[in-house]
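Go by the hints and put chain B onto chain A.
Protein chains in written order, with this note's numbering: chain A, 9 to 338; chain B, 940 to 1182.
Rather than coming from a laboratory, the hints here were simulated on the basis of the structure. Mixed in with the good hints, there may be bad ones.
[Said to hold, decoys possible] The calculated lysine-lysine pairs, modelled on DSSO-like cross-linking and capped at a C-alpha distance of 27 Å, are:
#1 B:Lys1005 <-> A:Lys313
#2 B:Lys1158 <-> A:Lys285
#3 B:Lys965 <-> B:Lys1071
#4 B:Lys1085 <-> B:Lys1106
[Said to hold, decoys possible] Stretch-level coverage of chain A by chain B, calculated; a stretch enters the list once three of its residues show a Cβ under 8 Å from a Cβ in chain B:
#5 20-31
#6 231-237
C-beta: ideal position from N, C-alpha, C; glycine also.
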Amino acid sequence: MNYLNNFAVIVLSILIEAMPFMLIGAIVSAVIEVFISPEIVYRFLPKNKIMSIFLCGLMGIIFPVCECAIVPVVRRLVKKGVPFSSALTFMLSVPVLNPVVLSSTFIAFYPDKRIAILRGIMGYTVAVSSGIIWHRFFKDSISIEDKYSCHSCCHDHTGHNHASHEHPNHEHTGHDHSNHNHTDHDHTGQCKHKKNGVNIMLLLEHSVEEFFDIGKYLIAGSVIAALMQTFISREMITNMAMSPLIITVFMMGLAYVLSICSEADAFVARSFASILKNTDTIPFLVYGPVLDIKLTFMLMGAFEKKSVLKIMFIVTLLVFLITLPAVILR
Amino acid sequence: MDYEFMKLIILTGISAGMINLFYKGKMAYIIHPYFFPFTIFALFILIIFTGYQIIKWIKTEKSDFKYGIFVFFIPLLLVLSVPISPLGADMASTRGITGVTGYSNKVTKKEITTKINDFHEILEDKIILNEKNFINQTEDIYNNIKDYRGKEIEMSGFSFTMDNFKKDQIGVGRMAVFCCAADAVMMGFICEKSGIEKIPENKWIEVDGTISSLSYKNKELPLIKIKRITEEATPKDTYLYFR
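Bound-form chain B, shown alone:
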């Protein structure tokens, strides 16, 4: 096949693939939405390149074929063959569980103090984690376990297990994305399920329990003692996004 034509196919393919990911709303599973302007800029440049390549293809009669170009078909084939969905619970086993990322620091010092005060002041008996407060609240709980001990908590996320877990332990958490899926971390809690027999793994669950603590690898980590657990339908986008 003509080398210049192949380059044209690749440039067209990449641009079309990116447009398709945006169109189907799947781009957010790959990269943080705040990064979209950069991605659109890249797409714009690629479209210009495609335009140039059309001229080049028409003008060039023959050019040397370089086999390295086949590497470009790997991402194209992946987009075509894999139904891209968000990273799931099975990534927890390779990424571990995270409570503190430091991202809640991304507010000014003054805001931090008021925010932390906010969390502490509005501490009602029951903490409900949702998409908006998940990251900051989780970091606050990890940083101030003492203050939260005994409080009730309700949250939903993927259930997962890790190698170091005891028999009656299970993790509940969500993937939190900084920039792109490659740097996402699993944010969540270790839970203890004493008395509750059947707990689904790698499923989207809602957990209701009280905060306690445990020693995990010589560090004190918060622990949720589960009272009630329900299996729920997995939401469309399971990620949390750092803003």
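One chain only, chain A, in its complex shape:
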């Protein structure tokens, strides 16, 4: 009976804590859908993709939300034509390189300033390298399935944005509308000409859809995370032989399993300090915000399974390679 209560409390706490951010994410994503056209994206994004990756990695500073809010926004940005390498960098950096997260890390480890600084630098490195690797080895235009069934509004349907991406002229001809007039541009244009009242209804329509779409993955993720938290012991890590390699792997595993919001995880990390060195928690602090159980479910819901597996592989490998030296050097 106690287990059921603990399980319920943890599920609800992850959900209720994530709820405001997830709703902000749903609403921002709806705003992008209704008000931002691919043309605007192309006008504001640097033409040089590598440059754009480096810039997207810094966006967290002006967009301080945690990981729950970011997935729907990124999905929508990709649909609007942001190259996936840039969107990925944006998604991976915002939950780490973000004033709220870094200041809570700073406070938790005070007076050890290294941890917050290393977390920021390593988080940024992981995000940017992931973007560059994606740009170098994989397709920048990934298809995003449109799951919405709304017929009452304008909508870019599956494949349309894909088509516009692969259009050879698109990248350097922002003004050349005639070529993709029949695709998503056509639809968004239509949106903008509607009256304000209709726009608000449209905004609500998309927000509610996004809420239901992303919500079920958030719930599924938090149920698994709560099961892990109820039955698997955190003490486990301390009973292991303490080689840097094992510490790195276990701290990353712990971050994945616990699925704690990146705005609070620094304090949990610090609570290991009675057993571990401060720098031993860096793998936990860098990996947790970019990948954990609830995020895996949310990503699976937002993108193709194959792309998600690639992202998970790249990110896991990078975090391991980048944070291991911190644990070795202490």
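For chain B alone, kept in the frame of chain A given last:
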């Protein structure tokens, strides 16, 4: 069943569930009270969504049914079927015992020095831990075991055991919440109960003893040598909240 209607039920259910948790005072068992404004903001948005969904339900004649929606009934059923109470002593076995979280750092540098001086200056022979000083005082004891050795201490909390405990050891502590129950840690002390035979487990107890130290997994941790132990009624909210 109509898909749009089901969405309406879920939105209504979530909003009602949240209002109910607030009304019964149970929201604080789930999330830190300082987070309430965000939760209320979320509730406000959900109520707007519910309003929108009523219109959508009336307007829509038929829409495709997606089975993924049943996932939303998991949290709703949990709220309905489980009498939500604070995380208890049995979480200690999975979360371990914590003395230092770094949260007492959340004051300016100047304040820290005066605060630590405060603790050290007002060090009377007996330290009494209460809701207000529990976190800072515990961190100070963990950080300066030497200075506290031999002092008397009185505290109350859940009694718990962990796998690595010796036969005559028991833990006493409280769950301390940063943001929500998912990130709570068990803050407290390992106690030694030499000479005292009967000690209840997973009960709310008051402990009276002297501070000493022990080596636990190659680290020096404070230890309370118990002189007196009494079982007490569990308070309504057993959490400590970081502010």
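How the hints compare with the structure:
no.: 1; hint: B:Lys1005 <-> A:Lys313; in the structure: 19 Å, holds
no.: 2; hint: B:Lys1158 <-> A:Lys285; in the structure: 11 Å, holds
no.: 3; hint: B:Lys965 <-> B:Lys1071; in the structure: 21 Å, holds
no.: 4; hint: B:Lys1085 <-> B:Lys1106; in the structure: 25 Å, holds
no.: 5; hint: 20-31; in the structure: holds (count 9)
no.: 6; hint: 231-237; in the structure: holds (count 4)
Taken one by one, the earlier hints all hold for this structure without exception.
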